[in-house]
Amino acid sequence: LQLKQVTSPSHELYANLITVRLGSGDRQTVVAGTVAHDGAHIVSIDGYWVDVPPSEGFLLLCENEDRPGMIGTVGTLIGELGVNISYMNVGRHEKSGVALMVLALDEHLAPDQLDRVRDVDGIQSARLAQL
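Sequential numbering from 433 applies to the sequence shown in our numbering.
These are calculated hints, taken from the structure and not from any lab test. Model, not experiment: these values are computed from the prediction. Note that beta-carbon positions come from the ideal geometry of N, C-alpha and C, so glycine has one too. Wrong hints could be hidden among the right ones.
Per label pair, the in silico range of CB-to-CB distance [said to hold, decoys possible]:
hint, residue 1, residue 2, range
1, G489, R550, 16 to 26 Å
2, A447, H540, 34 to 44 Å
3, D478, L513, 17 to 27 Å
4, A542, A447, 33 to 43 Å
5, V552, D478, 16 to 26 Å
Modelling step: build the complete structure from the supplied sequences, incorporating the hints.
Put into structure tokens, the structure is as follows:
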């Protein structure tokens, strides 16, 4: 475990922003958060701007093609798996490029269920994080 503190001038959008880099090997995830609306919010994941209030449970992170139907297709699949979505947000870099869909789930997805999400046409990657 390596811990390093770096301070810099205020962020242009957030007066208080904390960024955490997590990972092992060649896979690294960068998460940024702030306090807004009377609570903590995740505002960036791997460079995608999102607004996700952290809650107990799991986050399903799907990098996908930014095109019509992606949110509905993934949402329908999660519903068919019997898992409730408590919150959803999408961040993207540019229109019709790649987007990051973040779904807060009440329950864990089994490996075969996560594979079904990965098999959806237009999904480039899908991973699960527990909060």
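Q) Which of the listed hints are not met by the structure? A) Per hint list: zero violations.
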